[in-house]
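Participant: Okay, here's what each chain looks like letter by letter:
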Amino acid sequence: AQSVTQLDSQVPVFEEAPVELRCNYSSSVSVYLFWYVQYPNQGLQLLLKYLSGSTLVESINGFEAEFNKSQTSFHLRKPSVHISDTAEYFCAVIRGAYSGGGADGLTFGKGTHLIIQP
Amino acid sequence: NAGVTQTPKFQVLKTGQSMTLQCAQDMNHEYMSWYRQDPGMGLRLIHYSVGAGITDQGEVPNGYNVSRSTTEDFPLRLLSAAPSQTSVYFCASSYGRGVDEQYFGPGTRLTVT
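For the protein sequence lines, the chains are A and B, in the order given.
Each residue of the first sequence is one higher than the last, beginning at 449 in this note's numbering.
Each residue of the second sequence is one higher than the last, beginning at -2 in this note's numbering.
Isolated chain A (complex conformation):
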């Protein structure tokens, strides 16, 4: 089974400041990693994902995340946040292909609420 830990339930940051949202995972098999974003009163949307290849992945709105296998982390970063980035951010994993049995769905962390202060 997999598990995901998001260490911070809330992260307040000033507008135009950099931010890092932390995510660590635990799994006995290889996994794929995702960040989803949930804006107020909406469903979740995929922000970015790591399946293979370059360990640094980017989204179209300036976020990036780096897969670190040795530290089992997938932290999300943005160099300069905007008020519109206020949302709940979820890190998630799914077991990789050919990685054996178990429920076949995403395992989510508890979420980090990013609060942008003007």
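Be careful, since some hints might not be right.
[As the list claims (entries may be wrong)] Computed cross-link-like contacts, EDC-like style, restricted to lysine to aspartate or glutamate with a CA-CA straight-line distance of at most 20 Å:
hint, chain 1, residue 1, chain 2, residue 2
1, A, K497, B, D35
2, A, K497, B, D97
3, A, K558, B, E27
4, A, K526, A, E506
5, A, K517, A, D533
6, A, K497, A, E512
7, A, K558, B, E56
8, A, K558, A, E464
In case anyone wonders, no lab produced these hints; they're calculated from the structure.
The hints should help you fit chain B onto chain A, whose structure is shown.
Facilitator: Below, chain B without anything else, positioned relative to chain A:
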């Protein structure tokens, strides 16, 4: 495309009542799933389906039932509602299993009194 639609948006039930949460997608996705979202708990997988006629249990399946008679629809049934099932329920779909982008519906907020 309407994407993933869920009905109703809000529902209040009394303990012991049953109901069905509806989920439909028009993207011809094979993979569909149901999650519940509780404060401070993230999302937890209830049931999922890899295609019509095939369903399986997720992390928290007790008290819920699903069926998948068509590719488009994946209803979630609460057999006998309990206050512990008060939650926001999200349906999601994707082309393949979860490595593909999952598209989430807007959610159903359920309160059981």
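Participant: Okay, which hints does this one fail, numbers in order?
Facilitator: Numbers 1, 3, 5, 8 - these are the hints that the structure violates, sorted from lowest upward.
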